[in-house]
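Participant: Take a look at the letters that make up each chain.
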Amino acid sequence: MSDTSFVRLEMLPGREPPANKTGVMRWLQENLFSSWLNSVLTILSAGLIIYSLNFLLSWAISPTWNATSLANCREILHDIGRNGHFTGACWGVIRERWIQILFGFYPSELYWRPILTLMLLFVALSRILFADKVPHQLIWLTAVYPFLMPWLLWGGSIWVPVSVATGLTAGFYTYVLVSRNSSSFAALLATIAVALFWVIWAGGQFADALSSLVLIELEPVASRKFGGMMLSVTIGVVAIGFSLPIGIVLALGRQSNLLIVKALCTGFIEFIRGVPLITLLFVASTLLNIFMPPGTEFDIIMRVIIMVTLFASAYMAETIRGGLAALPRGQYEGADSLGLTYWQSRRLIIMPQALKISIPGIVSTFINLFKDTTLVSVIGLLDPLGLSTAIRADADWNGIVWELYGFIALLFFIACFSMSRYSMYLERRLQTGLK
Amino acid sequence: MTTSMSAPQKPFRLSMLIYDTRYRSKTIQIAALIGFFCGLGWLIDNTVTNLSVLGKEPSFRFLTEEAGYKINQKLIEYTAQDTHLRAAFVGLLNTLLVAVLGCFTATVIGVVVGVLRLSKNWLIARLMTIYIEGFRNVPLLLWIVFIMAILVETLPAPSAFRGDSPAASMILGDSVAISNRGIYVPEALFSRSLGDISLFEGTSLQFEVSLDLVAILAVLGLSIWAAKWLGTRADRIQETTGKRPTTWYIQIPLIAAPILSLLFTLGFHLGLPELKGFNFSGGTHIRNSLLALWLALSLYTGAFIAEIVRAGIMAIDHGQTEAAAALGLRPKRIMSLVIMPQALRVIIPPLISNYLNIIKNSSLAIAVGYLDLTGTLIGITLNQTGRELETLLLGMMVYLTISLGISFAMNWYNKHVKLVER
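Those protein sequence lines, which keep their order, are chains A and B. The opening position of the first sequence corresponds to residue 1 in full-length UniProt numbering, with each subsequent residue numbered one higher. The opening position of the second sequence corresponds to residue 1 in full-length UniProt numbering, with each subsequent residue numbered one higher.
Read the hints as simulated data drawn from the structure, not as lab findings. Quantities reported herein were computed from a predicted structural model and do not represent experimental measurements. Treat the hints with caution; some may be incorrect.
Pairs of lysine-lysine, BS3-like flavour, derived with a Cα cap of 30 Å [stated by the list, open to error]: (1) Lys228(B) with Lys415(B); (2) Lys120(B) with Lys276(B); (3) Lys356(A) with Lys262(A); (4) Lys21(A) with Lys332(B); (5) Lys120(B) with Lys21(A); (6) Lys70(B) with Lys276(B); (7) Lys56(B) with Lys70(B); (8) Lys415(B) with Lys356(A); (9) Lys332(B) with Lys228(B); (10) Lys415(B) with Lys332(B); (11) Lys243(B) with Lys332(B); (12) Lys26(B) with Lys262(A); (13) Lys262(A) with Lys415(B); (14) Lys228(B) with Lys243(B); (15) Lys356(A) with Lys133(A).
Start from the sequences, fold in the hints, and give me the full structure.
Facilitator: Below, the structure is given as structure tokens:
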């Protein structure tokens, strides 16, 4: 019997794929030159990138760091043979004014205070932002920070924030004690009574008494000295801190089946969302004092913070309402079937999930809020943009555009971009895999 | 005798207002209402007291007083002798002008960039990402003043256009001049004009409507309607007989002929800007303030719209693309016939809120001196008359009306195109 088997008995060794189907070549072909249209686009945009990078670099590399005025810059550039409009950046303005763009007119010997405040802010936030990576004890700093921050920035006696904190603690314990023996509604009333008592009468006396005993105070700094990035960050951080809880309450109010509560919340949200922030800032600068009891003199930064907070709260409420609406009906029903009260179910079941869903929206509200702080320049506060107008009006730097605005834009970009990256990280970390 | 199975009725006690769920919601609501009115009353009381101390009784009489300031970029006739109300009206029209322009260009930019960001071309997609992140993470106000500064500092002055060998020259066949005072474009002129008709004659809101424009719009509308009708008729014939009559050779003249003959009858010609003395004259002058605001609003909002468009397209299941491809559709038609119509349903609601943002953000005009509603009513009028309460109230109400009106209309439209879910 002859062997007619034509079946191959041994394996052939694997061969390399063709050169244009691997590595760099394949990537280039798939991503840049997949069709003639794509090739044209690639070449055009590569040309654009090379052209603008070339232009930008030759402009940015310019020995004008020590210049004292725009004319001086032009001379320096002229001496090295660079003439014309876009031959070189004039970095002198940044060297001379960067500290002002950061701190405004804050007394220079006290710069450590805003810097310390900012660093403490990161430490205080770290417990919330990176809960799994930092020690638990830091939560105390987070709790103390809201009282520490205004004291560090504005200065004055330490007993004022301590008195506010004491009042809040007293209110909290009143609530806990009364609600243990009575209903939560009665506890709420008792808490309000304690708070009013503290605000109107006891708080000031308490602070005064302690001040006369031991005086611990920092040199006070007036609000009009605040400026630059520091002002933007202050307004932004305070407004962000307050707008989240107010937004949650407003969102719950808008979802509630209590008709009047719902109407009030909806009316507030729609009103705020329907008008531009700038009109609200005008209210802050011209009207808010008229709304207050005669003789009240509100600090301008305080007024701005109030209006910005109200503004951000309305947007925050809508973002959170989106999260609440996205929760499956079953979650609400499940909470009800466990016999939880309204606040228990919101706190333990609904809010954590709703907030998780709305993280991207919340962070983008934060980013918008931070960007909107630049609007205070319109009512005359010296935030980075307000300062840039002042710097451009200076005879030395009249006509400067790119360097100054570029620097400010870079500062904002870094802040906003890192916020948005953090939100992506948080989303991934909280991803439970269940949709 | 039947016995009632329900629990015996307890007598009403005051504590039941808090503990009994039947009454509690009412208690809370009434408490909220009382709290609200107390707060409101407190504010109003403070305001009345403060205003009477200042000697300023609330009154809107200032609206009919002479404004005394000039508005240089305006859509309707206005002089410094007109009233504050008319100044506010001019401002409102300026707001609407920049909002409409901004919405249009932002949508175009947004759709193009959003689609390009999904491009398979790595380089293009990265470039679009840089554009989007760059604009989204920097404040709009910064963009507005930045673009304004660029326009003023880097463009040639009108004097640069003068002389035998000028440093700058007009573009598009000497019809458009780009200078640091703004852009001068040709204006439409009619030598046999039909004239204007005045609306609201004799009041502060009086404005002229050009009959030429009305006639042009009417003729254009009618001819487009006729061409469309022809197209639908062709569709009908195609459905019944299977043969589609060729219509383009009727449709094109149907649209072009009436409008061209109307323009000829009206004596249409362009008024070109010309350099005279220190500045350009003739043509339409688009000021830097309007340009900066318009450009910044479009580029900034365009970045947001691009993300919305991208999210909308990505929300469509990939199976839709595959199914369409299985039917033999080409990629372009898949996009326009299958993906886009579905994506639009996701895109429209956030798009509405971005349009509203443009309207609200146009109030930043005050930073570059473009006199919109905020610039006139809440800016100069407030400063001149000292009527903070009235001007702010009026300004806010106008913005609120516009916002609510648009969102109402758009939601109504959205409801009509929404997917009907079962």
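Participant: None of the hints should be skipped; say for each whether it holds.
Facilitator: Hint-by-hint comparison with the structure:
1. With a C-alpha separation of about 26 Å, the suggested pairing of Lys228(B) with Lys415(B) holds against the 30 Å cut-off.
2. A distance of roughly 52 Å separates the Cα atoms of Lys120(B) and Lys276(B); the hinted pair therefore is violated under the 30 Å criterion.
3. As the CA atoms of Lys356(A) and Lys262(A) are separated by approximately 24 Å, the hinted pair is consistent with the 30 Å bound.
4. Note on Lys21(A) and Lys332(B): the hinted pairing holds, with a Cα-Cα distance of about 27 Å set against a maximum of 30 Å.
5. For the given pair, Lys120(B) sits about 17 Å from Lys21(A) by alpha-carbon distance, which is consistent with the 30 Å threshold.
6. For the hint pairing Lys70(B) with Lys276(B), the CA-to-CA distance comes to about 23 Å; that is within 30 Å, so the pair holds.
7. A hinted pair counts as satisfied when its Cα atoms are at most 30 Å apart, and Lys56(B) with Lys70(B) qualifies at roughly 26 Å.
8. Of the supplied pair hints, the one linking Lys415(B) and Lys356(A) holds, its CA atoms being roughly 28 Å apart against a limit of 30 Å.
9. The hinted pair formed by Lys332(B) and Lys228(B) meets the criterion: a straight-line CA distance of about 24 Å does not exceed 30 Å.
10. Between the alpha carbons of Lys415(B) and Lys332(B) the distance comes to roughly 28 Å, so the proposed pair stays at or under 30 Å and holds.
11. Taking the CA atoms of Lys243(B) and Lys332(B), the gap is about 25 Å. The hint holds against a cut of 30 Å.
12. Pair hint Lys26(B) plus Lys262(A) holds up; C-alpha atoms about 13 Å apart against a cutoff of 30 Å.
13. In summary, the hint linking Lys262(A) to Lys415(B) is supported, as the alpha carbons are separated by about 23 Å, within the 30 Å threshold.
14. For a cut-off of 30 Å, the pair hint linking Lys228(B) to Lys243(B) stands: about 18 Å separates their Cα positions.
15. This hinted pair checks out: Lys356(A) and Lys133(A) have alpha carbons roughly 19 Å apart, not beyond 30 Å.
Checked against the numbered hints above, the structure breaks only hint 2 and satisfies the rest.
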